[in-house]
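Trainee: Residue 127 in the working numbering is what sits at position 127 of the sequence shown, and the numbering runs on without skipping anything.
Each hint should be verified, as a subset may be incorrect.
List time: in silico SDA-like cross-link candidates among lysine to any residue, alpha-carbon distance up to 20 Å [said to hold, decoys possible]:
#1 K57 / G119
#2 K45 / G106
#3 K136 / N32
#4 K139 / R115
#5 K140 / N32
#6 K44 / S61
#7 K140 / N99
#8 K96 / P121
#9 K96 / T135
#10 K136 / T78
#11 K44 / L9
#12 K57 / K77
#13 K91 / Q38
#14 K96 / A34
#15 K88 / D48
#16 K136 / G119
#17 K91 / F108
#18 K86 / G52
#19 K57 / V83
#20 K139 / Y37
#21 K139 / A34
#22 K39 / M127
#23 K39 / V83
#24 K136 / S124
#25 K57 / Y37
#26 K140 / N125
#27 K91 / A80
#28 K140 / R111
#29 K136 / D101
#30 K39 / G90
#31 K139 / N32
#32 K96 / T133
#33 K57 / E76
#34 K44 / L89
#35 K139 / D123
#36 K57 / S98
#37 K45 / G90
#38 K91 / G112
In case anyone wonders, no lab produced these hints; they're calculated from the structure.
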Amino acid sequence: MRNIIYLLLALIVGVVIFFALKKNSSEKKEDNTASDYQKIETVKKALDELSGTSAIKTVGSDQGQWYIFDMRLIDEKTEAFYVQLKSKLGKDFNSKLSNGDYLFIGVFPLRGSYRIYAGDPADSNSMLYPDWTYTKLEKK
1 MRNIIYLLLA LIVGVVIFFA LKKNSSEKKE DNTASDYQKI ETVKKALDEL
51 SGTSAIKTVG SDQGQWYIFD MRLIDEKTEA FYVQLKSKLG KDFNSKLSNG
101 DYLFIGVFPL RGSYRIYAGD PADSNSMLYP DWTYTKLEKK
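Use the sequences and the hints to build the structure in full.
Mentor: And the structure:
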């Protein structure tokens, strides 16, 4: 009888610990997702501001094509567009999402338009803006 009571007590403690860890894990996941949305919105806002300026014309030599750019390499670029983008994003901007994908931007200087991607920009399921086709994160 005593062994059954100890077994039930251990089972109850195990269940409580399991649900406490599960709740903590889901809260952490929600925090990471909110951080991802914030990063995407920060990039979108900065690109909205820059796409209407003459700085976008400093991207590439052929103004009539898309230029895809890895946000991790922004420090290596010296064109006015990238310098201004870096200043709008801040020195410590991290383009890595919580799932490990990195942000990429596509710029079409002639029209002053842009796109935002996560992961592989060549993949049709990686666009975040203007059409959300990214499958690893739900559209907000």
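Trainee: Please go over all the hints and tell whether each is borne out by the structure.
Mentor: Hints, one by one, checked against the model:
1. Restraint check: the Cα-Cα separation between K57 and G119 comes to about 26 Å, which exceeds 20 Å; the hinted pair is violated.
2. For the given pair, K45 sits about 15 Å from G106 by alpha-carbon distance, which is consistent with the 20 Å threshold.
3. In summary, the hint linking K136 to N32 is supported, as the alpha carbons are separated by about 13 Å, within the 20 Å threshold.
4. Under the criterion of a C-alpha separation no larger than 20 Å, the hint pairing K139 with R115 is consistent with the structure, at around 15 Å.
5. Taking the CA atoms of K140 and N32, the gap is about 13 Å. The hint holds against a cut of 20 Å.
6. For the hint pairing K44 with S61, the CA-to-CA distance comes to about 24 Å; that exceeds 20 Å, so the pair is violated.
7. For the given pair, K140 sits about 16 Å from N99 by alpha-carbon distance, which is consistent with the 20 Å threshold.
8. In summary, the hint linking K96 to P121 is supported, as the alpha carbons are separated by about 14 Å, within the 20 Å threshold.
9. Restraint check for K96 and T135: satisfied, since their Cα atoms lie roughly 16 Å apart, inside the 20 Å limit.
10. For a cut-off of 20 Å, the pair hint linking K136 to T78 is broken: about 32 Å separates their Cα positions.
11. At roughly 53 Å between alpha-carbon atoms, K44 and L9 are farther apart than 20 Å, so this suggested pair is violated.
12. For a cut-off of 20 Å, the pair hint linking K57 to K77 stands: about 14 Å separates their Cα positions.
13. Our distance criterion of 20 Å between C-alpha atoms is met by K91 and Q38, whose separation comes to about 16 Å.
14. For the hint pairing K96 with A34, the CA-to-CA distance comes to about 13 Å; that is within 20 Å, so the pair holds.
15. At roughly 11 Å between alpha-carbon atoms, K88 and D48 fall within 20 Å of each other, so this suggested pair holds.
16. The suggested pairing of K136 with G119 holds, with an alpha-carbon distance near 10 Å, which does not exceed 20 Å.
17. A C-alpha spacing of about 25 Å is found between K91 and F108, which places the hinted pair above 20 Å, so the restraint is violated.
18. Distance check on the hinted pair: K86 and G52 sit about 16 Å apart at the alpha-carbon level, within 20 Å; holds.
19. The hinted pair formed by K57 and V83 meets the criterion: a straight-line CA distance of about 13 Å does not exceed 20 Å.
20. Of the pairs offered as hints, the one joining K139 and Y37 holds, with about 9 Å between alpha carbons and a cut-off of 20 Å not exceeded.
21. The hinted pair formed by K139 and A34 meets the criterion: a straight-line CA distance of about 12 Å does not exceed 20 Å.
22. Annotation: proposed proximity of K39 to M127 holds, straight-line Cα distance about 15 Å (limit 20 Å).
23. For the given pair, K39 sits about 18 Å from V83 by alpha-carbon distance, which is consistent with the 20 Å threshold.
24. A hinted pair counts as satisfied when its Cα atoms are at most 20 Å apart, and K136 with S124 qualifies at roughly 12 Å.
25. The hinted pair formed by K57 and Y37 fails the criterion: a straight-line CA distance of about 28 Å is larger than 20 Å.
26. Taking the CA atoms of K140 and N125, the gap is near 16 Å; set against the 20 Å cutoff, the hint holds.
27. Between K91 and A80, the direct Cα distance comes to roughly 16 Å. Compliance with the 20 Å bound is thereby established for this hinted pair.
28. About 27 Å separates the Cα atoms of K140 and R111, which puts this hinted pair outside 20 Å; it is violated.
29. Distance check on the hinted pair: K136 and D101 sit about 9 Å apart at the alpha-carbon level, within 20 Å; holds.
30. Of the supplied pair hints, the one linking K39 and G90 holds, its CA atoms being roughly 12 Å apart against a limit of 20 Å.
31. Our distance criterion of 20 Å between C-alpha atoms is met by K139 and N32, whose separation comes to about 14 Å.
32. At most 20 Å may separate the alpha-carbon atoms for a hinted pair to count; K96 and T133 meet this at roughly 18 Å.
33. At most 20 Å may separate the alpha-carbon atoms for a hinted pair to count; K57 and E76 meet this at roughly 18 Å.
34. For the given pair, K44 sits about 10 Å from L89 by alpha-carbon distance, which is consistent with the 20 Å threshold.
35. With a CA separation close to 17 Å, the supplied pair K139 and D123 stays within the 20 Å bound.
36. Distance check on the hinted pair: K57 and S98 sit about 32 Å apart at the alpha-carbon level, beyond 20 Å; violated.
37. Taking the CA atoms of K45 and G90, the gap is near 13 Å; set against the 20 Å cutoff, the hint holds.
38. Using a Cα cut-off of 20 Å, the hinted pair K91 and G112 is violated, with the two alpha carbons roughly 24 Å apart.
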